[in-house]
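Trainee: Sequence:
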Amino acid sequence: MKNVFDPLTQEQGQEKGQTQAYQHAALPDFVTSRVERYFHERVQHTWGGGHIMRGRIPGPDALHLSSNDYLAIARHPDIIGRMADTLYADGSGLLMSAIFLHGECPLLQFESRLATYMGAESGVLCQSGYAANTGLIQSIASAQTPVYVDMMAHMSLWEGVRSAGAVPIAFRHNDAVHLEQQIARHGQGVVLVDSVYSTNGSVCPLAEFAEVCERQGCVFVVDESHSLGTHGPRGAGLVVELGLESRVAFRTASLAKAFAGRAGFITCPADFQEYFKFESNPAIFSSTLLPHEISGLDATLSVIEASDERRTRLASNAAWLRDRLTELGYNLNGSESQIIALEAGTEQRTIVLRDALESRGIFGSVFCAPATARNRALIRLSTHAALTDAEIEKIVTVCRDIRDEVELNKWSSTRRLGDELSQRRRHREHHGANSAVAA
996 MKNVFDPLTQ EQGQEKGQTQ AYQHAALPDF VTSRVERYFH ERVQHTWGGG HIMRGRIPGP
1056 DALHLSSNDY LAIARHPDII GRMADTLYAD GSGLLMSAIF LHGECPLLQF ESRLATYMGA
1116 ESGVLCQSGY AANTGLIQSI ASAQTPVYVD MMAHMSLWEG VRSAGAVPIA FRHNDAVHLE
1176 QQIARHGQGV VLVDSVYSTN GSVCPLAEFA EVCERQGCVF VVDESHSLGT HGPRGAGLVV
1236 ELGLESRVAF RTASLAKAFA GRAGFITCPA DFQEYFKFES NPAIFSSTLL PHEISGLDAT
1296 LSVIEASDER RTRLASNAAW LRDRLTELGY NLNGSESQII ALEAGTEQRT IVLRDALESR
1356 GIFGSVFCAP ATARNRALIR LSTHAALTDA EIEKIVTVCR DIRDEVELNK WSSTRRLGDE
1416 LSQRRRHREH HGANSAVAA
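Going by this note's numbering, the first residue of the sequence shown is number 996, and it counts up by one from there.
Some hints here could point you the wrong way.
Unchecked claim - Across the chosen pairs, the derived CB separations fall in these ranges:
#1 R1070 / Q1018: 38 to 48 Å
#2 R1167 / R1395: 31 to 41 Å
#3 S1297 / E1116: 19 to 29 Å
Hints are computed from structural coordinates only; laboratory data are not their basis.
Yeah, the Cβ is synthetic: ideal placement off N, Cα and C, and Gly gets one too.
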């Protein structure tokens, strides 16, 4: 195979319409072999020369279900206006690490406001949800610390364990019993879960996990990226909704979901905030958020606090769509949230599903390895508060019409659903027979 990193010649540059050739240092085989393997094994062999993430270009009437803007506030005039005013007034501000900030600066003021909103003593703003998770775990775990991770937890949590030099110990998804068995085997440590899981929309039974962590003396960390803004009073999150603020040691969140911005956040005790800023590598070695980003997030929080109607509409839209798709025979893998996954299984089947949806104007997000387990690729449909009844009906109609085209009956998730239903039926029959004998 041709070396994909061969320096570009003048002739090649002219073919591409470039006015000059670009040169780069030759890369060794251990780099080029990985790149070539990607193009050969995935792009050419598995994806047929196309790209699984790049289907059709959405038209003006396309229905977008790929954004994490769950409350549909990304274009809210109050948010855009605040950001624009600050950008004109302050530009990019002081370009330095946030560890140098002190006094009454907007970033520290917003940290305090967001922590109060989430029912926490204190909090830390980070450059992203990814930086929040990796930085937090790096600052609370070490090579000697067992770190228990739900097998479907976000990749940034797994990366945090690696950054800490610790060994992750997986437990079955949403299985508190298996978690406790793992802790009994390996000892006291840190437990990592998502409140709402980003690939399939399932919700963590947080109260059960809090009980396990209390019994076993473990640090409980909950990533609320997909529940902050959408769940709880005024959108304060699932932990607040369940009254678990005092039983969860740390909450993290990406502010690029319902908050429609670019940042991450960690709730923590006041003394930990100071410690984190001088212990976490992402905090130390990254520049601070920019002034217009902070003012935008501050305006967003005000909008979210006043968005009960949007949250109600979001929950209604999601429940309605989940029910209708389940009736059509789709296995939604236990989704109880605004995230709905159509799990086609193999990447080839997922491309067929993508094309069937997009050709009819429905655009979701393709998830495949490493975002999912191998052969559990899917299209994620992210519902939002602005969806109309007519748009939901369109989604349902399209998903009904494409079942034969995408061979829904051959999906591994469909077979699993059939097995689960058969098992439940046998259980009911067995229970009924035992009740009759007892009578």
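Trainee: Hint says 31 to 41 Å; check whether the CB-CB distance for R1167 and R1395 agrees.
Mentor: Taking Cβ atoms as reference, R1167 and R1395 lie about 33 Å apart, which means the hint holds.
Trainee: Holds or violated: 19 to 29 Å for the Cβ distance of S1297 and E1116?
Mentor: Check passed, 22 Å falls within 19 to 29 Å.
Trainee: Taking the beta carbons of R1070 and Q1018, is their distance inside 38 to 48 Å?
Mentor: holds (43 Å)
Figure legend: structure checked against the earlier numbered hints; every hint is met.
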